Amino acid sequence: MATPLAPLRGLISQLPFTNLPLKVYPVTSAKTPSNSLRLYCYGPGFNDNVTSFDPTSLRWLSFLTFAGIDFQVEYCNEPLMAPNNRLPFLMTPTNECIADDAIYDYLVRTYGDQLPTVPTDTRPASAFALLTLIDTHVKPAVQHYFWYDEANYREQISVAYTGQHQWPIRWVEATALRKQNQREVALQFTDTVSGEEIYERALHTLRDLASYLGEQDTYFFGAARPTLVDAALFAYLFPVLTSTMPNSTFKELVKNIPRLSNYIRALWDQWFRKREEAA
Amino acid sequence: MSAMNNDLFDDFSQNPAASPSPPPTASSTAPNSTWLSESITVPLRINSIRVEGVKNTRSGVIQEVIAPALQAKSFDEVTKKLHQACGRLEQLEIMDGFEIAMDMAHGPLVPEHSVDVVIHAREKGRFWARTGTEIGNSEGSAHTSANFRNLFGGGETLSISGSVGTRTRASHQATLAAPVNADPNQRFSLAAYQQNQTFQASSSHEQLFRGISLRYSGAFPGLHTEMGYSAVWRQIRELGFRASPSVRLEAGHSLKSGVYFSMLRDRRDNPTLPTQGYMWKWYSELAGLGGDVRFLKNEAQTQYNLPLGRGFVLSNTIRAGLLQPLQNDTTRICDRFFLGGPNSLRGFRPFGVGPRDQRDALGGDFYWSSGLSLLTPLPNIDSDKLKGHLWANAGGLAQLKANTPLHQSVQESLCRPTSSVGLGLLFQYSMVRLELNFCLPLTMSVWDHAKKGWQFGMGIDFL
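Just so you know, the sequences run in chain order S and D.
Under UniProt numbering, think of the first position of the first sequence as 1, with each following residue one higher.
Under UniProt numbering, think of the first position of the second sequence as 1, with each following residue one higher.
Wrong hints could be hidden among the right ones.
Unchecked claim - Listed next, the in silico BS3-like pairs over lysine-lysine satisfying Cα-Cα at most 30 angstroms (straight line):
| hint | chain 1 | residue 1 | chain 2 | residue 2 |
| --- | --- | --- | --- | --- |
| 1 | S | Lys139 | S | Lys255 |
| 2 | D | Lys80 | S | Lys23 |
| 3 | D | Lys385 | D | Lys451 |
| 4 | D | Lys401 | S | Lys23 |
| 5 | D | Lys451 | D | Lys281 |
| 6 | S | Lys23 | D | Lys452 |
| 7 | D | Lys55 | D | Lys80 |
| 8 | D | Lys451 | D | Lys401 |
| 9 | S | Lys139 | S | Lys23 |
As the list claims (entries may be wrong) - Negatives, chain S to chain D, calculated, CB over 12 angstroms:
| hint | residue |
| --- | --- |
| 10 | Asn77 |
| 11 | Gln114 |
| 12 | Val118 |
| 13 | Ile169 |
| 14 | Arg170 |
| 15 | Val185 |
| 16 | Glu197 |
| 17 | Ala278 |
As the list claims (entries may be wrong) - Some but not every residue of chain D turned toward chain S, in silico, with C-beta under 8 angstroms:
| hint | residue |
| --- | --- |
| 18 | Lys124 |
| 19 | Gly125 |
| 20 | His253 |
| 21 | Leu440 |
Since the hints were derived computationally from the structure, they do not count as laboratory data.
None of the values given here were measured: they were computed from a predicted structure.
Note that beta-carbon positions come from the ideal geometry of N, C-alpha and C, so glycine has one too.
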């Protein structure tokens, strides 16, 4: 509806200064937005170029690979890039950042049908229980193997995680990461628990998992494709089995469970070997 | 000098016969001022100087400061040199409350026309603390500091300070400074600091700097220079979920180790709201002496103020900067230049000019900006602190491309200026300048954020 001021506004809009700026230049070097899904994580692996030495990074890298999702891996080794200062995180084609548990929610929301799931006759609670078992029993052993042993930490782990930084930054950052991992282990165990006891508990769980896997199934729950449980176990054991640590106690113990060693090797052969050869 | 009990002067004024040189013959009827002005040129030397009130200061420092006075050869020179010596001690923050007494020196070995000088002074307290607020270029801050004076008896100072501000989340600094040859204008200082600044509004990140620096500052006649070395651990962090991919790629640690040099010549009558004079300054930084940051950075600024009469002043400011990566390194967001805002390029938002990714300003490797202002008196207001001005600003900010020659990038930027015009009011409050402008952006790039209409500015350094 025309107001009494409308003619005045029309007059003002015709004045030169109301149409400013007089000239707008086009952008000369616009950033081309990436339209692919990207996983920013630690890596690559200790002895390959397509996995990761970091179990948390490798869990999501493996799961995305197992799901057949088209994605790019960015081995940034820089947790400050993440929205929560922890790697890994996902950058969606629309440049949305996804971290932590939100990664799985995003994948379910976006690639629901494409994601490998456990067979319908398996209760989802079983998968959840195995994931919890792996995270509470196997993860502390791997953390102990990586971060507690002085020689392993100094020669392999600190170099892998913070080797790209200058001294003294790498020393400060590696020390902070070490303390963080040691704190996480200490939250589950009292200080009196030795590394051997942590390893023994993990091995007990791993033997149980090997039994649960059985001799016939390729993946847990007899699924057609590896699920998040397979990704989690692969993520913890593959770096352990492929690393060349000065103190390889835990690695030798894991190797003594042939079913699991073969299972990890089979996952590598089927899902990563071709990528490694291509790389 | 707070007071001067000059015995010699009393001798001259009360007993001309005691004067080393005869009083002017033709001045029996001349005014006293003429007689005095001639008497102060009489030859005079200092026989001895005694400084009283010294408790913590090293004797070598006192000797260094008063040595020039011992070379004085006339009354005028003696008083001037003694003034300067006291001024130096005050500038060194060693002493204040000076009282100087001079008396004719007596004795068989004392040369004629010489005086004994006694300087009474009070050493300043060795500790002082301060809290306060400051307003700088587009930032306000509150600070607190603890200071130790004359730490080792040579005018050394130790300052431990902390501050928080609108952009600075937290800043802590400890600085140990020592004068060179007891000269307050030449200082070496060693500083350790940590500074956390937020750029969330403009570039979706925070910068945490931890560093040490060794600096020498000196003042030659009319020229202030500073040079130093700094080693800084920088973190680009706290990106959150909304940071653009370009800023996310910048996140992380870097270690800058380099030297820098700056020169400043300021001949303006007032640095905040100048009406005449000129100023130029130059800043150079070379990074790459260790660390993982390698660049050469140069920045220059000139300003010329031409009084036109009747309170009108024409002021022109030009700024330019160039950041060149060395040894195939790439530049980082914390080293790049930014442009825009009332202190930088009026008519545009702070950090509002130049390359950006989504909502984040990325900064540029090269910038130029120029401003022409006509300062005008205001009708019915006769004040040096409140003025009107008409202005025109132009500038450009660009990132250098690896495969493009430098001159071509510069030429491209000059051919696509971001510009604005406007008018407004200027007000000087203490050392700060406040501006209220009506801005009209004329030309801009698609990624620039213009601020058409009213814009308020506060700071010290304006275009």
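Hints, one by one, checked against the model:
1. For a cut-off of 30 angstroms, the pair hint linking lysine 139 of chain S to lysine 255 of chain S stands: about 17 angstroms separates their Cα positions.
2. Only pairs whose Cα atoms come within 30 angstroms are accepted, and lysine 80 of chain D paired with lysine 23 of chain S is rejected, the gap being roughly 62 angstroms.
3. Distance hint between lysine 385 of chain D and lysine 451 of chain D is fulfilled; the C-alpha atoms sit about 26 angstroms from each other, no more than 30 angstroms.
4. At most 30 angstroms may separate the alpha-carbon atoms for a hinted pair to count; lysine 401 of chain D and lysine 23 of chain S meet this at roughly 24 angstroms.
5. Between the alpha carbons of lysine 451 of chain D and lysine 281 of chain D the distance comes to roughly 29 angstroms, so the proposed pair stays at or under 30 angstroms and holds.
6. For the proposed pair lysine 23 of chain S and lysine 452 of chain D, the alpha carbon gap of about 14 angstroms is at most 30 angstroms, so the pair holds.
7. Using a Cα cut-off of 30 angstroms, the hinted pair lysine 55 of chain D and lysine 80 of chain D holds, with the two alpha carbons roughly 25 angstroms apart.
8. Between lysine 451 of chain D and lysine 401 of chain D the alpha-carbon distance is near 29 angstroms, which keeps this suggested pair within the 30 angstroms criterion.
9. Between the alpha carbons of lysine 139 of chain S and lysine 23 of chain S the distance comes to roughly 60 angstroms, so the proposed pair goes past 30 angstroms and is violated.
10. For asparagine 77 of chain S, the non-interface assignment is contradicted: its Cβ lies about 9 angstroms from the closest Cβ of chain D, within the 12 angstroms cut-off.
11. The beta carbon of glutamine 114 of chain S sits about 25 angstroms from the closest Cβ of chain D, which is more than 12 angstroms, so the claim that it is off the interface holds.
12. Consistency note on valine 118 of chain S: stated as away from chain D, and its beta-carbon is indeed over 12 angstroms from all of that chain's, at 31 angstroms minimum.
13. The beta carbon of isoleucine 169 of chain S sits about 5 angstroms from the closest Cβ of chain D, which is not more than 12 angstroms, so the claim that it is off the interface is violated.
14. The claim that arginine 170 of chain S lies off the interface is violated: its Cβ sits roughly 9 angstroms from the closest Cβ of chain D, which falls inside the 12 angstroms cut-off.
15. Valine 185 of chain S, annotated as away from the interface, keeps every beta carbon of chain D farther than 12 angstroms; the closest lies near 26 angstroms.
16. No beta-carbon of chain D is positioned within 12 angstroms of the beta-carbon of glutamate 197 of chain S; the least distance is around 37 angstroms.
17. No Cβ of chain D approaches the Cβ of alanine 278 of chain S within 12 angstroms, the least distance being about 25 angstroms, so the stated non-interface status holds.
18. Checking lysine 124 of chain D against chain S by beta carbon gives a least distance of about 39 angstroms; that is not within 8 angstroms, so the hint is violated.
19. Nearest Cβ of chain S to the Cβ of glycine 125 of chain D: about 39 angstroms, over the 8 angstroms cut. The hint is violated.
20. Hint status for histidine 253 of chain D relative to chain S: holds, with the closest Cβ pair at about 5 angstroms, below 8 angstroms.
21. Because the beta carbon of leucine 440 of chain D sits about 5 angstroms from the nearest beta carbon in chain S, less than 8 angstroms, this interface hint is met.
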